[in-house]
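**Q** Sequence:
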Amino acid sequence: MIPLFFKDSGKGLRMTSCVASLALVILFTTQDVFGEHWKVAYKPESACVFVGSPVNMSCSFTHPSSVTIKQIYWTKEKYQDPPDLTGDPNYRDRVIVHRQQGTKICNLQIKPVNMLDSDSRYYCSSIFNESQKWTGDPGVHLQVKEAPEKPPVSISPRGDILEGIDVTLTCSSRSDLQVWSYSWFKRNPVQFLGTGHTYTFKQIRPEDSGEYTCKSSYECGDRYSTMVYLHVFYPPKNTTMLADQPFVIAKGNRMTLTCSSVANPPVESYTWFKMDESTPVGSGQQYSITNIRSEDGGQYYCVARNKYGAENSTAVSITVEGMGASPGLRDRSSALPAVVAVFICGHVALVCVVVWVRIMKRRQKPEDQDLQYSSVNVQNRRGAEDDGHYSTVQPHGSRQTAGAQGDDVQYASVQFKKAMAADRTPVQPEGEPSPIYSCVQGSQDPSVVYSGVQPSNGGTPH
Numbered sequence: 013m014i015p016l017f018f019k020d021s022g023k024g025l026r027m028t029s030c031v032a033s034l035a036l037v038i039l040f041t042t043q044d045v046f047g048e049h050w051k052v053a054y055k056p057e058s059a060c061v062f063v064g065s066p067v068n069m070s071c072s073f074t075h076p077s078s079v080t081i082k083q084i085y086w087t088k089e090k091y092q093d094p095p096d097l098t099g100d101p102n103y104r105d106r107v108i109v110h111r112q113q114g115t116k117i118c119n120l121q122i123k124p125v126n127m128l129d130s131d132s133r134y135y136c137s138s139i140f141n142e143s144q145k146w147t148g149d150p151g152v153h154l155q156v157k158e159a160p161e162k163p164p165v166s167i168s169p170r171g172d173i174l175e176g177i178d179v180t181l182t183c184s185s186r187s188d189l190q191v192w193s194y195s196w197f198k199r200n201p202v203q204f205l206g207t208g209h210t211y212t213f214k215q216i217r218p219e220d221s222g223e224y225t226c227k228s229s230y231e232c233g234d235r236y237s238t239m240v241y242l243h244v245f246y247p248p249k250n251t252t253m254l255a256d257q258p259f260v261i262a263k264g265n266r267m268t269l270t271c272s273s274v275a276n277p278p279v280e281s282y283t284w285f286k287m288d289e290s291t292p293v294g295s296g297q298q299y300s301i302t303n304i305r306s307e308d309g310g311q312y313y314c315v316a317r318n319k320y321g322a323e324n325s326t327a328v329s330i331t332v333e334g335m336g337a338s339p340g341l342r343d344r345s346s347a348l349p350a351v352v353a354v355f356i357c358g359h360v361a362l363v364c365v366v367v368w369v370r371i372m373k374r375r376q377k378p379e380d381q382d383l384q385y386s387s388v389n390v391q392n393r394r395g396a397e398d399d400g401h402y403s404t405v406q407p408h409g410s411r412q413t414a415g416a417q418g419d420d421v422q423y424a425s426v427q428f429k430k431a432m433a434a435d436r437t438p439v440q441p442e443g444e445p446s447p448i449y450s451c452v453q454g455s456q457d458p459s460v461v462y463s464g465v466q467p468s469n470g471g472t473p474h
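Read in order, the letters of the sequence shown correspond to residues 13 to 474 in this note's numbering.
Hints were generated in silico from the structure; no laboratory data involved.
Please note that the accuracy of each hint is not assured.
List of simulated lysine to aspartate or glutamate pairs, DMTMM-like, C-alpha gap at most 25 Å [said to hold, decoys possible]:
#, residue 1, residue 2
1, Lys88, Asp131
2, Lys249, Glu231
3, Lys319, Glu333
4, Lys319, Glu161
5, Lys249, Asp234
6, Lys263, Glu333
7, Lys263, Glu223
8, Lys145, Asp96
9, Lys227, Glu280
10, Lys214, Asp172
11, Lys198, Glu223
12, Lys123, Glu142
13, Lys263, Glu280
14, Lys82, Asp149
15, Lys55, Glu89
Label pairs and their in silico Cβ distance ranges [what the hints assert, rightly or not]:
#, residue 1, residue 2, range
16, Asn126, Pro94, 20 to 26 Å
17, Ala53, Ser132, 16 to 22 Å
18, Gly296, Gly176, 27 to 33 Å
19, Glu231, Gln121, 17 to 23 Å
20, Asn102, Asp188, 27 to 33 Å
21, Ser290, Thr268, 45 to 51 Å
Virtual Cβ for every residue (Gly too), placed ideally from N, Cα, C.
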């Protein structure tokens, strides 16, 4: 209440009225500034965290449009001039205050909280119009509790986990605090699996091996279990065999076979077998055959083994060149390429000679191509036949250009039989052969003519 004083003099009355008017203006202005137009919203209104965890809270102001807020800060006290938490020795190293630019929102983070922070309220306060302050209710109520132990995780069945069986993980809590939910995760990378007190792998696979954790969610926060690692064991699989040479190989060469397989734990031993033989031919991841022979041919396979089982590779067939042939046949087979080469070269040479001869014949002079041979045979027998015999040899057709056809050769034979002595002419001495006439006529150019006379009585031919 503002007292009003009245005096008798008119001057005193006027002074008292001015003071009363000023008091009323201040009252109405204060009501407008701190009245229903001011409001602060807090998120969350209450919080519960475990010791050592961080806590986050925020506030948002609503104020008259005539007011300009210069600063917003957090405080733990509510009175006329509340201190800033950032200046409090118990908080300044643990608090982060962030006001969003261009807004009336201010965030507070306390990290880590301790038991001294419990059962406290935290408020937002504002400074406006030079130095005026306003702190809004209801603030944020904070509870701090001791963190429960990490929840343990059990694996069923116990012992080695073999591929194909069902495996169950179980998460438990050792705290009196109520658990709101359980969640399961796989690490590297983090993968959410599901929720529930248990998690079951149906017919577990090798790729399910890895680290797993359970998260227990409470009112005041979350607790993660220690990591558990699942080792999924399995016998050898995908067993294969490779060779450093083609599977068809010549005698005397070397071949190395390599066996590979995947297993957990890793393969302990590799053994090599030849098909239809009960005893192994070798051991180790590699098997080498040196100076390979015909009897080394056949089908081979390897066996990979660990403590949980074994697996055979697919058999491969090795063929040695020349298998099944006698030494003599193999020697002849090795000489066959040389024989074929000689045969081909001989045929090529023969063709070349024939072509060369034909070319040479076509290049001969025309006058050397037509040859006529004439022979005369004289016998010393008397007979009634005429003593004179004449032979004329004439080439058939006209001569053609070189290369158009082969040489034309004509042979003429004249046989002369002696007549009786009584028939001889007086001018012809006895014992002399009768005259023989031979004429060769060519159609164009003269040809070479050969003429021979052979008397049957041994006389000298003329």
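**Q** Give a verdict on every hint.
**A** Do the hints match the structure? See the list:
no.	hint	result
1	Lys88 / Asp131	holds (11 Å)
2	Lys249 / Glu231	violated (49 Å)
3	Lys319 / Glu333	violated (40 Å)
4	Lys319 / Glu161	violated (39 Å)
5	Lys249 / Asp234	violated (42 Å)
6	Lys263 / Glu333	holds (6 Å)
7	Lys263 / Glu223	violated (54 Å)
8	Lys145 / Asp96	holds (12 Å)
9	Lys227 / Glu280	violated (39 Å)
10	Lys214 / Asp172	holds (16 Å)
11	Lys198 / Glu223	holds (6 Å)
12	Lys123 / Glu142	violated (32 Å)
13	Lys263 / Glu280	violated (33 Å)
14	Lys82 / Asp149	holds (19 Å)
15	Lys55 / Glu89	holds (18 Å)
16	Asn126 / Pro94: 20 to 26 Å	holds (21 Å)
17	Ala53 / Ser132: 16 to 22 Å	holds (19 Å)
18	Gly296 / Gly176: 27 to 33 Å	holds (30 Å)
19	Glu231 / Gln121: 17 to 23 Å	holds (20 Å)
20	Asn102 / Asp188: 27 to 33 Å	holds (29 Å)
21	Ser290 / Thr268: 45 to 51 Å	violated (24 Å)
In this structure, the hints that do not hold are numbers 2, 3, 4, 5, 7, 9, 12, 13, 21, in rising order.
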